[in-house]
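Undergrad: Here is how the chains run, residue by residue.
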Amino acid sequence: MNTVPGIPQQIEEALITHRRGFLRSAGLFAVSVGVYGTAGIDEAVAQNAAAPQGPGPYPIPDFHQIDSWIVIHENNTATFYVGKTDPGQGTGTAFRQLMSDELDIAFDQTALIMGSTDITVDQVGSGGSTAIERDSLPMRRVAAEARRVLLGLASARLATPVEQLTVSNAVITARADPAKRVTYRELIAGKKFNVALPGGNINAINGRATLKLRPDFKYTGQSLQRDDIPAKVDGSLKWAVDVKLPGMVHARNVKPPFACAKLTGIDEASVKSLPGFIKVMSKGNYVAVVCEREEQAITAARALKTTWDKPATAPFPTSENLFDYMRTAALTAPYRPTTTGDPAAAFAGAAKTIEAEYQIPFQGHTSFAGAHALADPSNDQMTIYSNDMKTYGMRRGVATFLGMPQDRVRVVYMQGPQGFGRTAAEDAACEAAWIAQQLGRPVRIQWMRDEETAWDTKSPAFLVKMRGALDAGGRLTGYEYDARACDANHLGYNDPQTVLIAQLMGVTTAGPGGGSSSLPSDSYAIPSRKMSADVVGLPALWETPLRTGNLRDPNGPQSAFASESFIDEVAAAAKADPLEFRLKLLTASSEDDAAFHRARSIAVLKAAAKAYGWDTRPSPKPLGTGNILTGRGIAYTFRGNSMVAQIAEVEVNRQNGHVHAKRLVCAYDCGLAVNPDGLRHAAECGTLHGLSRALYEEVRFDNEKVTSRDWFSHPTLRHVDIPERLEVVLVNGDPNPERPDLPSYGAGEASLKPMLAAIANAIYDATGVRLRRVPFRDDRVLAALKAAGVARA
Amino acid sequence: MSTITLRVNGSSHTLDVDPATPLLYVLRNDLGLQGPRFGCGLGQCGACTVIINGLAVRSCVTPVSSVRTEVTTLEGISQNGKLHPLQQAWIDEQVPQCGFCQNGQIMTAKAMLDKTPHPTDTQIRETMNNTICRCFSHYRIQTAIKRVVNKGIAEILPAAEKETLA
Numbered sequence: 001m002n003t004v005p006g007i008p009q010q011i012e013e014a015l016i017t018h019r020r021g022f023l024r025s026a027g028l029f030a031v032s033v034g035v036y037g038t039a040g041i042d043e044a045v046a047q048n049a050a051a052p053q054g055p056g057p058y059p060i061p062d063f064h065q066i067d068s069w070i071v072i073h074e075n076n077t078a079t080f081y082v083g084k085t086d087p088g089q090g091t092g093t094a095f096r097q098l099m100s101d102e103l104d105i106a107f108d109q110t111a112l113i114m115g116s117t118d119i120t121v122d123q124v125g126s127g128g129s130t131a132i133e134r135d136s137l138p139m140r141r142v143a144a145e146a147r148r149v150l151l152g153l154a155s156a157r158l159a160t161p162v163e164q165l166t167v168s169n170a171v172i173t174a175r176a177d178p179a180k181r182v183t184y185r186e187l188i189a190g191k192k193f194n195v196a197l198p199g200g201n202i203n204a205i206n207g208r209a210t211l212k213l214r215p216d217f218k219y220t221g222q223s224l225q226r227d228d229i230p231a232k233v234d235g236s237l238k239w240a241v242d243v244k245l246p247g248m249v250h251a252r253n254v255k256p257p258f259a260c261a262k263l264t265g266i267d268e269a270s271v272k273s274l275p276g277f278i279k280v281m282s283k284g285n286y287v288a289v290v291c292e293r294e295e296q297a298i299t300a301a302r303a304l305k306t307t308w309d310k311p312a313t314a315p316f317p318t319s320e321n322l323f324d325y326m327r328t329a330a331l332t333a334p335y336r337p338t339t340t341g342d343p344a345a346a347f348a349g350a351a352k353t354i355e356a357e358y359q360i361p362f363q364g365h366t367s368f369a370g371a372h373a374l375a376d377p378s379n380d381q382m383t384i385y386s387n388d389m390k391t392y393g394m395r396r397g398v399a400t401f402l403g404m405p406q407d408r409v410r411v412v413y414m415q416g417p418q419g420f421g422r423t424a425a426e427d428a429a430c431e432a433a434w435i436a437q438q439l440g441r442p443v444r445i446q447w448m449r450d451e452e453t454a455w456d457t458k459s460p461a462f463l464v465k466m467r468g469a470l471d472a473g474g475r476l477t478g479y480e481y482d483a484r485a486c487d488a489n490h491l492g493y494n495d496p497q498t499v500l501i502a503q504l505m506g507v508t509t510a511g512p513g514g515g516s517s518s519l520p521s522d523s524y525a526i527p528s529r530k531m532s533a534d535v536v537g538l539p540a541l542w543e544t545p546l547r548t549g550n551l552r553d554p555n556g557p558q559s560a561f562a563s564e565s566f567i568d569e570v571a572a573a574a575k576a577d578p579l580e581f582r583l584k585l586l587t588a589s590s591e592d593d594a595a596f597h598r599a600r601s602i603a604v605l606k607a608a609a610k611a612y613g614w615d616t617r618p619s620p621k622p623l624g625t626g627n628i629l630t631g632r633g634i635a636y637t638f639r640g641n642s643m644v645a646q647i648a649e650v651e652v653n654r655q656n657g658h659v660h661a662k663r664l665v666c667a668y669d670c671g672l673a674v675n676p677d678g679l680r681h682a683a684e685c686g687t688l689h690g691l692s693r694a695l696y697e698e699v700r701f702d703n704e705k706v707t708s709r710d711w712f713s714h715p716t717l718r719h720v721d722i723p724e725r726l727e728v729v730l731v732n733g734d735p736n737p738e739r740p741d742l743p744s745y746g747a748g749e750a751s752l753k754p755m756l757a758a759i760a761n762a763i764y765d766a767t768g769v770r771l772r773r774v775p776f777r778d779d780r781v782l783a784a785l786k787a788a789g790v791a792r793a
Numbered sequence: 001m002s003t004i005t006l007r008v009n010g011s012s013h014t015l016d017v018d019p020a021t022p023l024l025y026v027l028r029n030d031l032g033l034q035g036p037r038f039g040c041g042l043g044q045c046g047a048c049t050v051i052i053n054g055l056a057v058r059s060c061v062t063p064v065s066s067v068r069t070e071v072t073t074l075e076g077i078s079q080n081g082k083l084h085p086l087q088q089a090w091i092d093e094q095v096p097q098c099g100f101c102q103n104g105q106i107m108t109a110k111a112m113l114d115k116t117p118h119p120t121d122t123q124i125r126e127t128m129n130n131t132i133c134r135c136f137s138h139y140r141i142q143t144a145i146k147r148v149v150n151k152g153i154a155e156i157l158p159a160a161e162k163e164t165l166a
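Chains A and B supply the protein sequences, listed in that same order.
Take the first sequence: its letter number 775 is residue 775 in this note's numbering, and every next letter is one higher.
Take the second sequence: its letter number 91 is residue 91 in this note's numbering, and every next letter is one higher.
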């Protein structure tokens with residue numbers, strides 16, 4: 001295998017997640033073929049990933065160069081290097097499909113390496129569902145340009161004009177004489193392309209080749225199996241948590257017992273005699289214990305006696321009082337309302353006015369496993385092994401935090417527990433790096449369950465007041481949306497001044513990020529609207545577990561819960577069918593936009609209704625007689641250019657308030673689906689994440705600490721909660737659906753967005769009781785049913 | 001510390017560890033196994049699940065000294081290079097997203113099917129209920145289990161039982 005200069009081959013080999021088939025075909029491992037789980041492969045990979053780091057500085061791959069993205073090997077296979085990360089939604093496989101198509105090489109003769117800072121170009125990592133919509137474009141352009149360059153080389157070698165050549169599976173043949181052929185390997189293996197694509201930034205690079213269109217795709221659009229799955233189910237994948245280095249030690253944090261606590265004492269004697277104890281590491285209010293073995297570090301961190309002072313004033317209200325607090329809290333920077341039409345006149349002339357307030361609590365990222373990182377400080381450098389989605393930002397953040405030059409820091413991206421945005425993985429990396437720098441030994445750290453649940457970044461709580469004006473004909477003529485997001489201490493990605501360890505060490509100098517709130521996303525034609533999206537903050541902004549950060553469509557589920565619940569309330573007030581009411585609002589205008597939001601909004605609503613078998617009637621339906629009441633609800637929204645409509649069918653237990661979703665339908669228009677099954681899977685999981693947030697998820701706290709600390713106190717959706725039927729309908733609502741240049745739109749996040757409202761609307765349909773506070777826990781539902789006289793003993 | 005002998009996936013290992021050490025850390029850090037993983041350390045999530053005496057056991061809360069019989073991990077359920085039917089079904093149904101929990105899902109399902117080859121849908125849901133997934137791949141997990149129950153019976157039952165089925 002020839003490698004790009006600067007790529008440590010052993011790292012490269014370990015990072016190919018689907019290494020079994022590919023590395024065998026590439027001849028990289030001399031092990032017995034056809035035997036899964038052989039010691040040969042596992043040991044080789046284990047040794048490779050644990051190789052000590054070479055001398056630096058670490059290169060920063062030049063995104064202009066084809067060689068930074070594509071390497072053709074001696075056996076006519078190719079490895080692609082991209083600056084993205086795939087936490088498990090199949091984007092890695094999709095990148096291979098797209099690049100294989102543009103390069104004209106067989107999919108199974110390619111491999112992909114993602115997101116390791118010294119061997120892949122900086123595409124940030126992942127976030128914002130930009131993988132396919134935006135970030136796959138430079139990959140495709142580079143692959144297309146490589147193909148063009150190879151055709152030029154072949155033309156010279158075969159003495160045949162380019163236009164008389166044809167390419168298939170990395171073999172170039174003269175059309176007129178199939179005997180005249182040359183492989184990519186013969187043209188380039190062992191050599192470099194040395195071709196740069198011009199462009200001022202990575203997304204602007206473009207060569208002379210043109211991209212393929214739909215009719216020319218061989219792999220794009222096919223439901224190929226994801227390449228990372230086999231190693232994830234047979235135990236052979238090496239995750240970031242699995243890397244072991246010679247001399248590695250284990251650290252565990254000792255978190256402050258409450259927010260804004262000031263450390264007043266550490267009794268090191270309480271742990272000094274414990275087996276494996278190495279050191280207590282502390283600066284400011286940051287405390288960690290280091291031991292030789294993992295379980296020793298866990299024991300010692302628990303045993304360490306520390307004393308802390310409480311802050312003079314409460315850092316936050318209790319979770320039960322949160323919305324009262326938010327209602328009167330000062331706005332960080334008042335938002336200038338977005339106004340269309342004449343809302344005052346609409347409300348003055350209304351036949352009926354509807355008002356409602358919606359409440360969405362803090363919901364945790366609550367990663368499945370604790371944040372972790374391994375930091376290796378050898379050779380006066382720092383290598384971080386991490387599953388963080390944004391490895392390039394981590395390189396910059398860790399370098400700044402440690403005061404090291406950036407080219408002495410690298411981040412090796414490996415798989416980990418799900419990451420849907422700004423997770424505590426970033427905090428863990430700075431902690432491991434700081435301890436490793438102090439100690440001079442490789443340090444592995446992992447957050448425990450209580451730390452992760454209490455101290456990870458939270459999705460901001462929202463309080464949304466809404467008002468609607470109906471005219472005498474039941475038309476929605478006026479609309480007010482006034483949102484407050486509790487998001488003032490929103491953390492950026494890998495910010496060296498606001499990672500938790502920086503806050504605790506008192507080195508925080510940056511002001512609060514400011515946070516954000518959101519307006520609803522819909523294409524409804526409502527003549528007059530006034531909308532505002534404000535931010536409020538808790539009293540304590542730093543050194544508090546209630547810190548906010550991006551979680552999968554950061555404000556979307558909250559704003560959509562309010563806006564799509566409200567449209568349902570208005571439809572009910574107008575005694576209209578909720579679907580018909582929405583379609584009327586969408587068809588009331590002929591205005592459209594470049595991404596055809598309105599047309600595609602109508603398409604997803606109709607597709608969802610058709611798949612479900614929607615029965616047209618107003619909500620609620622007449623109250624049933626049994627103990628279990630059933631109902632159906634619909635909601636729709638979009639994120640960016642991706643449109644989604646969801647229908648939920650629920651059962652509400654009148655005796656205990658339990659809500660069960662029996663059936664869910666998600667109609668999703670993301671444009672061109674590169675891998676339809678992968679997209680369907682992402683939408684299934686997003687839909688269920690929405691269900692989990694609708695029914696269970698809430699961060700609870702008293703006025704000094706978070707009391708949600710495990711899977712019982714921050715509950716999550718479980719197997720018994722899974723709908724009996726879950727259908728994802730992929731919709732192509734483009735007005736010209738067959739167009740050869742149909743674009744792909746972001747897919748990861750939008751499928752979560754309308755679910756909370758769909759469930760609330762279904763509960764209303766079943767019971768006539770409107771729930772405006774998320775989550776719909778049994779006790780809250782039962783209380784609401786009792787208040788309405790619907791509950792049964 | 002004390003000397004402990006552990007039998008894992010058909011091999012015996014003698015180790016010098018604190019007898020109270022949870023089995024998980026011994027499997028991962030001393031024996032280099034990667035199937036069982038740390039998720040919560042509280043026995044709540046299932047990431048660390050192994051099979052002992054036919055039972056799905058949470059190795060994060062199981063002291064290594066309490067283990068008297070063979071431990072089977074995810075790495076040990078394939079046989080002669082052939083994936084266990086559940087592992088194959090997981091690939092066929094494209095179950096995982098991040099995959100971090102899937103050790104627990106597969107091992108819990110295996111322990112269930114070893115004892116109850118024909119579980120009802122309710123039995124599947126209830127048996128799997130304490131095995132958490134935060135990517136929310138549950139629907140495909142259940143589909144994959146049903147696939148094995150419906151199609152893979154011949155592969156997971158002993159030969160004698162197969163006869164009676166026929």
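Hints are computed from structural coordinates only; laboratory data are not their basis.
Just so you know, not all the hints are guaranteed correct.
Heads up, incomplete: computed chain B residues facing chain A, CB under 8 Å, no partners named [unchecked claim]:
(1) 106
(2) 119
(3) 132
Listing some non-contacts, in silico: residues in chain B with all C-beta distances to chain A over 12 Å [as the list claims (entries may be wrong)]:
(4) 54
(5) 104
(6) 114
(7) 116
(8) 118
Think of the CB as a built atom: it goes at the ideal place given N, C-alpha and C, for glycine as much as any other residue.
Undergrad: Which constraints among the numbered hints does this structure fail? Numbers only, ascending.
TA: 2 and 5
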